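K.L.:
Sequence:
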Amino acid sequence: MRVVELIAPGAAMVEGLEYAKDGQTKKITTSPGRVEGLIQGRADRPYVTIIEVDKLSESAWERVVPAMSEGAIYSAKLLAGELPTNIEDLFGPLDLRLFPADAGEVRVSCTCTDHAAAKAATLTTSTAPTTAGQTPDLRWCKHVCCLAYLLGQRLATEPFLMFALRGLDSKELLERLRERRAMAAPGLGDRSPIYVQHIPGVSEQPAPPLEASLANFWEAGPGLSEIDIPMGKPPVSHPLLRRLGPSPLAGTFPMMGLLASCYDVISDEAIRKSLPRENDAPPPEPPAGDAAGSDDDGLA
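Going by the working numbering, the letters in the sequence shown line up with residues 1 to 300, in that order.
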């Protein structure tokens, strides 16, 4: 939507928003690099309106997917069905963008007369600048703005659609991401080294022989209670439920919603119990003067 505000004429933006709210769009289809809509205007037949963006090349995706896999937060959120809010921080160092940030990255067309006239107009046509200070592009007619508004609404609920518009379907992206993470996981032959954490003062100690530990092998050592494990909500909500997908059970019983509510209640209770309670603190000792006074009263 920022691109629309940068380049579209103000009147077209207003009318396009009204068209979007009034349901003037008969059909919207998406394909890699292209969004096409049938926008009903004042004519009998709807106008064919198109918004296009460049697809990323296969070589570009071969750089993007490894970067996603190596970033724990990126891969965790994507595999859980969430688009990280800072996703452009991943694309930026690769000299790429997921969402267009400049009007030159978006191409538009429409079969209406306003768009045809704007396309045929000379570059010397006098136009008022937009709120961003740029000269508005009259090719952004009200039908194009309408389609852009509806695309923005859909991206708000289906953010993974932007990956498909850039040339890689979300299912294919997630499959590649899972494969990359599986290849990097331990236990796959010699393809990935096993990382063993080094703990100063502990890793140097020799492990006792197994025969000497048989009697208490399944018992926790005395140092277990001293381990500090901070409790908090995970960065991704309901990751396992998201990976499982919709419930396979027939009917309208909200199984997934019920499980999500149960997980929230259990998690909140576990976090609450992990916090220190006031009763756990030792009672304050009475002042020395008060203790001596009570003894005197008893003797009296």
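In short, the hints are calculated from the structure, not lab data.
Among the clues, some could well be false.
[Said to hold, decoys possible] Restricting the straight-line Cα-Cα distance to at most 25 Å, the calculated cross-link-like pairs of lysine to any residue (SDA-like) are:
id : residue 1 : residue 2
1  : Lys-55    : Leu-210
2  : Lys-55    : Gly-104
3  : Lys-26    : Glu-36
Note that the structure is predicted; figures quoted are calculated from it, not measured.
K.L.:
Determine for every hint whether it applies to the structure shown.
P.N.:
Taking the hints in turn, this is what the structure says about them:
no. : hint             : result
1   : Lys-55 - Leu-210 : violated, 59 Å
2   : Lys-55 - Gly-104 : holds, 14 Å
3   : Lys-26 - Glu-36  : holds, 11 Å
Violation of the numbered hints given earlier is confined to hint 1; every other hint is satisfied by the structure.
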